[in-house]
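Full structure from sequences and hints, please.
Quick mapping for you: the protein sequence lines, in order, are chains A and B. So the first sequence is residues 1 to 389, counted in the working numbering. So the second sequence is residues 1001 to 1389, counted in the working numbering.
No lab work stands behind these hints: they were computed from the structure. Quick caveat: nothing in here was measured; it's all calculated off a predicted structure. Ideal placement from N, C-alpha and C gives every residue a C-beta, glycine not left out. Heads up, a few of these hints could be off.
Covered stretches of chain B, going by a simulated chain A footprint (3 or more residues, C-beta under 8 Å) [as the list claims (entries may be wrong)]:
(1) 1220 to 1227
(2) 1246 to 1257
(3) 1260 to 1266
One-sided and incomplete, this derived list gives chain A residues near chain B with beta-carbon spacing under 7 Å [stated by the list, open to error]:
(4) Thr220
(5) Leu221
(6) Ala224
(7) Ile229
(8) Cys255
(9) Gln259
(10) Ala262
(11) Tyr268
(12) Pro270
(13) Asn275
(14) Asp276
(15) Arg279
(16) His286
2 protein chains.
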Amino acid sequence: MEALAVTAVAPVNIAVIKYWGKRNVELNLPTNSSISVTLSTDDLRAITSVAVSPQFSEDLFWLNGELQNLIGSKHINCVNILRKERALLEAADPGLKKLSNWKIRIISENNFPTAAGLASSAAGYAALVFSISKLFELDLNQTELSKVARVGSGSSSRSLFGGYVAWQAGNLENGDDSVAVEVAPVSHWPNMRALVLVISAGKKSVSSTGGMQRTVGTSTLFPARHLKIVPERMSQMEDAIRAKDFGSFAKLTMCDSNQFHAVCLDSYPPILYLNDTSRAVISFVHYFNEYYGAVKLAYTFDAGPNAVLYFLEEDSAQVLSCLKPVLPAAKIPFEVDEGPSGFCFDAMDMLKIGITDIVYSRVGPGPEVVETSLFAPGDKFVPITATQR
Amino acid sequence: MEALAVTAVAPVNIAVIKYWGKRNVELNLPTNSSISVTLSTDDLRAITSVAVSPQFSEDLFWLNGELQNLIGSKHINCVNILRKERALLEAADPGLKKLSNWKIRIISENNFPTAAGLASSAAGYAALVFSISKLFELDLNQTELSKVARVGSGSSSRSLFGGYVAWQAGNLENGDDSVAVEVAPVSHWPNMRALVLVISAGKKSVSSTGGMQRTVGTSTLFPARHLKIVPERMSQMEDAIRAKDFGSFAKLTMCDSNQFHAVCLDSYPPILYLNDTSRAVISFVHYFNEYYGAVKLAYTFDAGPNAVLYFLEEDSAQVLSCLKPVLPAAKIPFEVDEGPSGFCFDAMDMLKIGITDIVYSRVGPGPEVVETSLFAPGDKFVPITATQR
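What follows is the structure, encoded as structure tokens:
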């Protein structure tokens, strides 16, 4: 069978200045800019294999082993934008194969803890767009690709870069200037660490898109956030990252997480993503920083109760020591002592009950092509089965 | 013994447009105006007996049976303001007894559920100021008295009136225009009902005064609230009360409670008063209103997890029916059926565990002089004991 295939991995990113509110739902154009840290694909990743062949009779997409309906999906919208880019190349160089006319098969998987409510779609769309761009040999840089991924999932635009990434809201109606750019590469500040605390919750009561639009439509505090506060914070956060000023980075991260949840609460009906365990994490972090007399630890919460903690590598033993009594023992990434005996905060029991899983990670690079394929051996181009791995 | 005594009761009030933020801590001058509903003293009340005598050798104050230290207290500040007013009368009419020079004894009690975190100081200062004004035969109306009570506790200014009450923030440095006024008397809209849901909580993490000043100092959303949003809501809420428009009253009440907690969350470190049971109450209320297709029920939360629900008398059976499975049975104020069988919301279990006590109440009048005294029989002017009652 004549076919071409590529496999790529893409990272998750965890925003430190939050994206919340769309000025255009169709194009995923945000009301405000945002900044994130890309986490290492060693720990959390989407992996996507794509193949095109003149012998495929239809486009097919498997996500975590399940065949999906591509018709009308945002996935096929992204594929079609990239096909148009390929068609331009083919038109300019008649020697090129007409891949833009071939059907595509896509297999995507992620390794996130079940129900983590982590940014799986961000990594997924970034892996999709990146792998197809390589397959089609497109001459598009990461910022240009981020526009395509953004159409699939707003925050996936930021997963096209490693390190520290800004997604500029942009002003244009068509979204051409709503793109991700690098604030600083991994190498600039490589000792950033992250600890994902998975907190069990019932079903997510409000979807992100629904929640954002409820906030845009009803929160009377929201205009102050997106018109004035976030623009100021964007430059403060960029400065903190460039200066490797963890204290400022951490304080801005916590304030912005809290403000995102504040405008959710100010929506009607209110949107309440944080639960008592989330509140206990917040108490823990402020207690920790007060105990050590410096802002060495930050929390951030996305649209759910799970926390992500940021800290520097040099403080990671201290952080894990203090959290050791409440974390699943098997998951602690390296040997740590018990925390100091005077360290005792109110909500210890709540954390012990509420934290169901953890992932220790670090700042990492953007999407990369990898050798491993999710297609089964041979030339059938169907998903590899568990026994074939 | 030559002595004069008066006893008065004063109500609690539960704000529907919230007071949060002081522009002057000493004088309790607020950053924004507020509106409350006064609850009936049949259900929740402070009762205060005051006596003056030329034979008392010192000022004494018993609160809930415990002798308090009056020196430097806000209670004695209020007493002294009223003494000055009395002194003016005495200067103008030499025939009056010189009560302003006599020492005072004060006994105050309230009947609020333990740890309810209800507005006990509001009722307490209102009862203190009102009873002394009667004892001194001062010619001050409720608005003028509200200024004196405000110095003790900001929200107590609103407990000088029954019914629906506004506390105008005022502009003057000395607070002379920061007073309570009647929006509408009880008789205007007498069918307003309230259900206080007492939700157990650990110790209050942040005092109101401390919390307010943290919000004023750190919340970047707060200016939008006190400069623009609350002024607009004040007139909307006054209109809703005057029009007896429960739907608007309820929606404004819920939005304003949520916004108050939003600016708390936007403070640094964040202030988190709502817990999972509070969240469950919020879910219940929105579910109830959606189930019945009309906004018939509102929640509001002060600086703690306890909820106060507002509804009209004609809907009270419906409200209590739907809450019956989660309320302490002995406390339901009248016979109600089980709620409709289709009525089932997520957080039922959370409410059952979290609600520890309830108080059913209604809109009620302002402070009143009563016959009952808290002084023991005879002329010793000490607190009545349990066996003497």
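Against the structure, the hints come out as follows:
| no. | hint | in the structure |
| --- | --- | --- |
| 1 | 1220 to 1227 | holds (count 5) |
| 2 | 1246 to 1257 | holds (count 3) |
| 3 | 1260 to 1266 | holds (count 5) |
| 4 | Thr220 | 5 Å, holds |
| 5 | Leu221 | 5 Å, holds |
| 6 | Ala224 | 4 Å, holds |
| 7 | Ile229 | 5 Å, holds |
| 8 | Cys255 | 6 Å, holds |
| 9 | Gln259 | 5 Å, holds |
| 10 | Ala262 | 4 Å, holds |
| 11 | Tyr268 | 6 Å, holds |
| 12 | Pro270 | 5 Å, holds |
| 13 | Asn275 | 6 Å, holds |
| 14 | Asp276 | 5 Å, holds |
| 15 | Arg279 | 5 Å, holds |
| 16 | His286 | 5 Å, holds |
In this structure, none of the earlier numbered hints is contradicted; all agree with it.
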